[in-house]
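Undergrad: Residues per chain, in single letters:
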Amino acid sequence: MHRSVPDEFGVRDGDLVEIVLPNDLRAVRPPEEQIMRELLQRRYSDECRFAIRLALEEALTNAVRHGNRNDASKRLRIRYHISPKRVIIAVRDEGAGFRLDRVADPTKQENLERPSGRGIMLMNAYMTKVRYNETGNEVWLLKERAARAKPVSRK
Amino acid sequence: MQFAVRQDGPTHVVTLAGDLQIDEGTQFHRRLAGLVGPAAPHLVLDLSGLEFINSEGLAAIVESRGTARQFGGAVHLVNPKPHIERLLKVAHIDRLFFIHRTLEAALAATGAAKPNDRNPG
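Chains A and B, in that order, give the protein sequences. Residue numbering for the first sequence follows my numbering, beginning at 1 and increasing consecutively. Residue numbering for the second sequence follows my numbering, beginning at 1001 and increasing consecutively.
Derived from the structure by calculation, the hints contain no laboratory data. Don't be surprised by glycine CBs; every beta carbon is placed ideally from N, CA and C. Check each hint, because a few of them may be wrong.
To be verified - Have a look at the derived ranges for each label pair, beta carbon to beta carbon:
1) T1026(B) to E18(A): 36 to 46 Å
2) D15(A) to F1003(B): 39 to 49 Å
3) F98(A) to R1030(B): 26 to 36 Å
4) R1030(B) to L100(A): 24 to 34 Å
5) L100(A) to G1037(B): 31 to 41 Å
Said to hold, decoys possible - Covered, in the sense of this in silico footprint (three residues per stretch, anywhere, with C-beta under 8 Å from a C-beta of chain A), are these stretches of chain B:
6) 1058–1066
7) 1081–1088
Isolated chain B, as found in the complex:
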């Protein structure tokens, strides 16, 4: 899976693309866990290029939400493909995240730091 990070003020934007392979879950977890902190409590995950993820990958994202909340932040998901969005719903974790159609909307929401768009935090 491709994993690219950039920082935009208090937010790390992570662009995921391709497939999270079965042996990449631990590394993915470590990389996400290292991003959220007091200086950058928000995480935006651009899922528009993500084709496959398993429960270990979902676990890493759920855990990052817990860390973000500890620092007063949140995790925002951007434009998952329909089969990935369905997976989030099947796992009942779509309700844990803000899901936005565009990166711009997600970044605007981290600035506002309040529930908006399609899901409550």
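Bound conformation, chain A alone:
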């Protein structure tokens, strides 16, 4: 757990671009598109861009729906840093946070047919590292450009 950028992510707070948004999935499209354009300009691969977009959307959707509970008076904060070697994105909501150990594993047989609950698992599967702040209302995503796709786990 950490108060700001996880040390292992290798950047400082000052290196991050910050965007504050209303708690609305329509409002997050422009910054998402901006991040994806920057990745394309930096020639990140299709595979990397798919992974980053997926993880970013899962983080944003969780923040809007679960963190801020669809409350239009609340806000989201996105911070990000794109370098030639890695991408770091943080998404913070104004909710009370959550306990990671209380989230059901969506890959267990008994949970497979539940429609929701896959966001955290997908972030973990597609990102190099995923970390949370102490409260659980901010998620930090790290994607190393050179990292190979993680193998698909089977239970």
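Following the hints, complete the assembly by docking chain B onto the known chain A.
TA: Relative to the frame of chain A, chain B by itself:
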């Protein structure tokens, strides 16, 4: 995302193309949920043109499977691109669906209404 529907007897065929945008999940869920019923319990989703989908989109597809089964039907997926098929595997939901390489195979399977091709129902 482009969403086109046609009905073929007891089956709705939905062709998805492009990207499911982050703010389109709810609408996608509603549109899929409205298709399956007693007169048309089968759903064929042609994914060959689908480039991007997130967990909300996957949730809508999983839920449509539950509805189809209530009416004695099934959901059949057609020819997802490799990165989409990998996503289905990562999410462990590939095993919930019939996945076919061609639309013709999917339609034939809805007529047969039995597990075949590459995955059990």
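Undergrad: CB of R1030(B) to CB of L100(A), is that within 24 to 34 Å?
TA: 31 Å, holds
Undergrad: Using the C-beta atoms of L100(A) and G1037(B), is the stated range 31 to 41 Å upheld?
TA: Given range 31 to 41 Å: holds, Cβ gap about 39 Å.
Undergrad: Can you take a look at whether the region 1058–1066 of chain B is actually covered by chain A? Rule is 3+ residues, C-beta closer than 8 Å.
TA: This one holds; 7 residues, not fewer than the three required, reach chain A with a Cβ under 8 Å.
Undergrad: For the hint 39 to 49 Å, verify it against the beta carbon of D15(A) and that of F1003(B).
TA: Since D15(A) and F1003(B) have Cβ atoms about 40 Å apart, the given range 39 to 49 Å holds.
Undergrad: That 36 to 46 Å hint for T1026(B) and E18(A) (C-beta), does it hold up?
TA: Since T1026(B) and E18(A) have Cβ atoms about 28 Å apart, the given range 36 to 46 Å is violated.
Undergrad: Within the region 1081–1088 of chain B, is the number of residues with a Cβ closer than 8 Å to a Cβ of chain A three or more?
TA: Result for this restraint: holds, n = 3.
Undergrad: Does the Cβ distance between F98(A) and R1030(B) fall inside 26 to 36 Å?
TA: 27 Å, holds
Hint 1 from the list above is the single one not met by this structure.
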